[in-house]
Amino acid sequence: MPFALALGGVALTVDPEGPCDWPADLLAYRAPGPASAGASLSPVSARLTLHARPGWRNPRLSWESVQSAGVVASPAITSPIGQVETAAAAGGSDPAGRYDRLDLAFDAHGEADFAAQVDGSDGSLEAAVQLALCRRLLPVGGVLVHASAGVDAQGVAWLVPGPSGAGKSTTAREAGYARVLADEMVVVRRVGERFWVWPTPFWSLGRQAPLTFEPAPLGVLARPVKASAPSAEPLDRAAAAAWLMRAVAWYGDAATERADVFALACEIATATPRCVALSFAREGSWLTAVQHPS
Numbered sequence: 001m002p003f004a005l006a007l008g009g010v011a012l013t014v015d016p017e018g019p020c021d022w023p024a025d026l027l028a029y030r031a032p033g034p035a036s037a038g039a040s041l042s043p044v045s046a047r048l049t050l051h052a053r054p055g056w057r058n059p060r061l062s063w064e065s066v067q068s069a070g071v072v073a074s075p076a077i078t079s080p081i082g083q084v085e086t087a088a089a090a091g092g093s094d095p096a097g098r099y100d101r102l103d104l105a106f107d108a109h110g111e112a113d114f115a116a117q118v119d120g121s122d123g124s125l126e127a128a129v130q131l132a133l134c135r136r137l138l139p140v141g142g143v144l145v146h147a148s149a150g151v152d153a154q155g156v157a158w159l160v161p162g163p164s165g166a167g168k169s170t171t172a173r174e175a176g177y178a179r180v181l182a183d184e185m186v187v188v189r190r191v192g193e194r195f196w197v198w199p200t201p202f203w204s205l206g207r208q209a210p211l212t213f214e215p216a217p218l219g220v221l222a223r224p225v226k227a228s229a230p231s232a233e234p235l236d237r238a239a240a241a242a243w244l245m246r247a248v249a250w251y252g253d254a255a256t257e258r259a260d261v262f263a264l265a266c267e268i269a270t271a272t273p274r275c276v277a278l279s280f281a282r283e284g285s286w287l288t289a290v291q292h293p294s
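Number 82 in this note's numbering belongs to position 82 of the sequence shown; there are no gaps in the numbering.
Calculated directly from the structure, the hints in this document are not laboratory data. It should be emphasised that the depicted structure is a prediction, and the values quoted were computed from it without experimental measurement. Backbone N, C-alpha and C define an ideal beta-carbon position, used for all residues, glycine too. The reader is advised that the hints may include incorrect statements.
Claimed, not checked - Beta-carbon label-pair distances, calculated as ranges:
hint, residue 1, residue 2, range
1, 289, 1, 44 to 54 Å
2, 255, 111, 48 to 58 Å
3, 31, 109, 16 to 26 Å
4, 15, 43, 15 to 25 Å
Stated by the list, open to error - Calculated pairs, EDC-like style, for lysine to aspartate or glutamate (alpha carbon to alpha carbon, straight line, at most 20 Å):
hint, residue 1, residue 2
5, 226, 184
6, 226, 214
7, 226, 283
8, 226, 267
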């Protein structure tokens with residue numbers, strides 16, 4: 001039976017067919033759910049049709065292409081989007097909006113209509129939702145970002161993008177935020193003249209903080225740097241945009257789409273009130289020490 005997910009200001013209707021192992025955190029964002037206050041947005045909708053079959057493997061990928069591309073061939077694929085392979089890498093065509101990996105075949109039919117074949121595992125389901133969200137957000141000034149984010153006592157969101165191992169989860173856990181939006185992936189989207197950060201159900205394993213549902217205005221964009229003591233030094237906005245661009249979850253090869261993503265990353269860095277190089281330690285709260293510029 002179809003159901004709707006409320007993610008990043010997008011009402012994503014999911015129409016599943018076949019057995020699906022839905023992650024509990026993802027289902028917590030089913031609509032109608034907890035109200036999302038603070039950001040006034042026009043309704044944006046999309047639809048994702050899912051066909052799930054246990055044990056299914058993507059026939060658009062040959063075994064040789066999987067091996068040469070380094071795509072995990074194990075039945076247990078837990079990384080949601082991290083190992084997406086385009087059809088071009090497999091030696092076939094690469095139409096816009098088509099993405100392939102062993103447990104997932106995804107196709108975009110326009111800005112708001114998507115279809116996916118999956119094996120029904122939680123990883124394949126999360127990946128399909130993330131891919132649909134990525135493509136629906138870009139036309140309305142939004143991106144899904146590999147980042148942790150939290151809200152300080154003043155209600156301002158701190159965005160800490162970065163690849164695996166950069167310290168996203170550590171900064172979220174140790175910051176001392178009033179609330180954590182997520183420690184792995186968040187939505188950043190334009191609302192009027194500024195950008196807001198939305199929580200998502202996409203966390204690293206072993207989530208300890210409670211899920212949250214309300215967005216917050218983006219106030220600080222931080223590039224994390226592991227150190228012995230906390231500090232926040234001004235970061236050039238071009239460097240901030242480049243760092244953010246590396247963390248945007250986008251897997252299309254079309255030049256125009258890449259250009260749109262880059263332009264939006266630059267706009268986010270330019271519009272964010274404060275961009276910093278954030279030094280943090282593995283343990284201990286750092287937010288109070290770096291919250292106000294010297």
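Checked hints:
no.: 1; hint: 289 x 1: 44 to 54 Å; in the structure: holds (50 Å)
no.: 2; hint: 255 x 111: 48 to 58 Å; in the structure: violated (18 Å)
no.: 3; hint: 31 x 109: 16 to 26 Å; in the structure: holds (22 Å)
no.: 4; hint: 15 x 43: 15 to 25 Å; in the structure: holds (19 Å)
no.: 5; hint: 226 x 184; in the structure: holds (17 Å)
no.: 6; hint: 226 x 214; in the structure: violated (29 Å)
no.: 7; hint: 226 x 283; in the structure: holds (11 Å)
no.: 8; hint: 226 x 267; in the structure: violated (27 Å)
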